[in-house]
Amino acid sequence: MDFISILSIFVLACFVGYYVVWSVTPALHTPLMSVTNAVSSVIVVGALIAAAAESATGNHSAKWLGLAAVVLASINIFGGFAVTARMLAMYKKKERR
Amino acid sequence: MHEGPALPAWVALAYLIAGGCFILALRGLSSPESSRRGNRIGMFGMLIAVLTTLLYYHPRPSGELPLSLLNYKTVGELIAAIALGGAIGLVTARKIAMTAMPQLVAAFHSLVGLAAVLVGAAAFLNPEAFGIVQQLSPGSGWTVYAPATVTALINPVSRVEMGLGVAIGAITFSGSVIAFLKLNGNMSGKPILLPLRHVINLGTLIAILALIAAFTQDQDPLIFWTIAGLSFLIGFLLIIPIGGADMPVVVSMLNSYSGWAAAAMGFTLHNTAMIITGALVGSSGAILSYIMCRAMNRSFISVIAGGFGGDAVAGGAGAAIDRPYKRGSAEDAAFLMSQAEQVIIVPGYGMAVAQAQHALREMGDVLKKEGVSVKYAIHPVAGRMPGHMNVLLAEANVPYDEVFELEDINSEFARTDVAFVIGANDVTNPAAKTDKSSPIYGMPVLDVEKAKTVLFVKRSMGGVGYAGVDNELFYRDNTMMLLADAKKMVEEIVKALG
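Residue numbers (the numbering used here), protein chains in the order written: chain A, 193 to 289; chain B, 4 to 501.
The following block holds chain A by itself, in its conformation from the complex (with noise of 0.2 Å):
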C-alpha cells in the first residue's frame, strides 16, 4: 500500500472516531476508556512480527523486545476487554415492580 492510501484511511478513520465517540454516552465514559485501551493494543500484532521474526544479522535483541511487547499488549487486551465487561455488567436498570 502507498503511504496515500494509508493516510486516507487515518484520515477517514479519525473522522468516523469523532463521530462515534461523541454518540457515547457520558455514563459510559471510564468504561469506553478501558476499551480504547484494550483495542489500541492491537499493536500485538506488530510484536508478534518482531518477535517471530528471525534475524539477518544474528542480533536477537529485535526478537526480545518483540516478546516482551507481546506481554505488555496482552496484559492490557485481556485487562481492558475483561475489565470493561465487568464494568459494563454492573449497569442495571431500575427494576419494575
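Heads up, some of the hints might be wrong.
In silico contact screen, one side only, chain A against chain B (beta carbon under 7 Å); selected entries [said to hold, decoys possible]:
{"id": "1", "residue": "Leu264"}
{"id": "2", "residue": "Ile269"}
{"id": "3", "residue": "Met282"}
Below, in silico cross-link-like pairs of lysine to any residue (SDA-like), each with a Cα-Cα straight-line distance of 25 Å or less [claimed, not checked]:
{"id": "4", "chain 1": "B", "residue 1": "Lys455", "chain 2": "B", "residue 2": "Glu365"}
{"id": "5", "chain 1": "A", "residue 1": "Lys286", "chain 2": "B", "residue 2": "Val369"}
{"id": "6", "chain 1": "A", "residue 1": "Lys284", "chain 2": "B", "residue 2": "Arg39"}
{"id": "7", "chain 1": "B", "residue 1": "Lys378", "chain 2": "B", "residue 2": "Met484"}
{"id": "8", "chain 1": "B", "residue 1": "Lys439", "chain 2": "B", "residue 2": "Trp228"}
{"id": "9", "chain 1": "A", "residue 1": "Lys284", "chain 2": "B", "residue 2": "Asp411"}
{"id": "10", "chain 1": "A", "residue 1": "Lys286", "chain 2": "B", "residue 2": "Pro402"}
Here's a subset of chain B near chain A, in silico, CB distances under 7 Å, partners left out [claimed, not checked]:
{"id": "11", "residue": "Pro194"}
{"id": "12", "residue": "Ile279"}
{"id": "13", "residue": "Lys455"}
Hints are computed from structural coordinates only; laboratory data are not their basis. Here a beta-carbon is modelled for each residue, glycine too, at the ideal position from N, C-alpha and C.
Please arrange chain B on chain A, whose structure you already have, making use of the hints.
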C-alpha cells in the same frame, strides 16, 4: 519506491474487518444495553487480528519460502508470552477495586506506550522482518543485502513514521507512569513546578522533531535512541506540573496519545487494523479531553501548562474559618430527607475515597421505600476520570436511569427539597457563577443552592476543594453541614431513618 510489505488480499481484508469490529465496539457504548454486545464484538475483532497475524505466510528475510508464524520454531514462545500477559491482565481486571479504576487506566496507557516503543525499536533493529527496507533496485524482488553486519537501509518515510511512533509511545509511557503514581497516591497530587519549565519543555520537543528529521538522512542508532530517551524525559516533564484537579484531562489526553502511538506504528507497519484503531482511540481521547476542559471552563493549553490545584491560591480560606455556618446531625439529615418529596444526591471524589457508594445506595433505598423520589446528579469532572462516579454508582447497584448528567438535571434543583452533596465541592460552588475573581469562575456547576435545603457532607470545615477555593455554599442559610467521614455519616443517617 515506498510500497511496503505486500500483504495477501485476504490478510488485508481481515485487518480491515478487525478495524470495523473496533468501530462497532465503541459504537455499542452509546447505551448500556448495547455496550455489552459491543465489547464482545471488540474481542472478536482482536481475535481476528491476532489469528490473521499468526496464520498468514510472512516473507522471510533469509529469502526462503514464506512461513506462517505458527510454523516458526519460536511459536511456543509467542503463545507463552500471550498466556503470561493474558493471565496478568485477567487477574488484575478481576481484582481491581472500582475506586482504583483511574490508576488502572493510567497503567494500561503506559503499557500501550511502552509496547509501541518496543515494537518501534524492534522494527529499527530488524527492518527486514517488517518489509520496510529500501528497495535498492526496483523490480528485482526482495532487497539486495549488504553484508550481515550492516543494517539494511530503512525507507525514509518509514523512518519518520517510526520516529514519531517511538516518540509518542515514549511520551505516553513516562507520562502515564507519572499519572499513575499521582492517582495511586505514591506521589503527591500537587503540581511540581520546575523553573524555566516552559523553555525546557519547548526546547526538548523541538530537539525531538529535529532529531526525527535528521533520522531520515542518517539511520544512526544513536539518533534513534536519543529520540526515545528525550521522549521519555518530556513525557515525565509534561505531567509533573499538572495538579490533581486536572487529572481527568491528563488521563483522557494520555488515552489520546496512546491511540496516536498505535496509529504511527500502523503507518510504519502498513497495518489497517492498527491505523483505524489508532485514529479511533486518538480521537476518543481528544474528545474526552475537550469535554473535561469544557466542564472546568479551562483551555487545554492552560491545563498542559500546569500549576493548577496547589495550595497557593487558597486566598480566602484563612478568613473563611470564622464565618458562621449551620451544623447538623445525622438525625437532622434523616428527618429532613424523610419529609422531602425529592432528594438529589451529588457525589464527588470524596465519596470514592470514603468508599461510601454502597451505604449511599442503601440510604437511597430506604428513602424510596418512604416514597421519596431519589436522583443522582453527576458533574462531568466529578472524580478522577471521565465517568468515574457512574461506574461507582453502578457498582453499588444504583440503576443507571436514576443517574443524570449536569445539563439534564440542573433545572430540577429549584423543584427539589434536599440536595445531598457528598464528597463533591468545587462542582457545587456558586462562586463559579457570580464571583469574577474566583479561579473557577465560568465553570459550569450544579445549582445545588437552589434546592430548599442543602446537606453538605464534609470531613471538616478546614479543607478546601482541589481548586483551593473556599465554597460560599457552606455559609448559606439553607445549607446544613454534616461534618464527618462520608461513609460513617451515611450509615448513621440510614440508622436514623430505620
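Hint check:
1. Leu264: Holds, about 4 Å.
2. Ile269: Hint on Ile269(A): holds, closest Cβ of chain B at ~6 Å, below 7 Å.
3. Met282: holds (4 Å)
4. Lys455(B) <-> Glu365(B): Holds, at roughly 23 Å.
5. Lys286(A) <-> Val369(B): holds (15 Å)
6. Lys284(A) <-> Arg39(B): Within the cut-off at roughly 12 Å; holds.
7. Lys378(B) <-> Met484(B): Answer holds: Lys378(B) to Met484(B) is near 20 Å, not above 25 Å.
8. Lys439(B) <-> Trp228(B): violated (49 Å)
9. Lys284(A) <-> Asp411(B): OK: Lys284(A) and Asp411(B) at ~19 Å, within 25 Å.
10. Lys286(A) <-> Pro402(B): With a Cα-Cα distance of about 5 Å, the restraint between Lys286(A) and Pro402(B) holds, given a limit of 25 Å.
11. Pro194: violated (23 Å)
12. Ile279: holds (4 Å)
13. Lys455: violated (25 Å)
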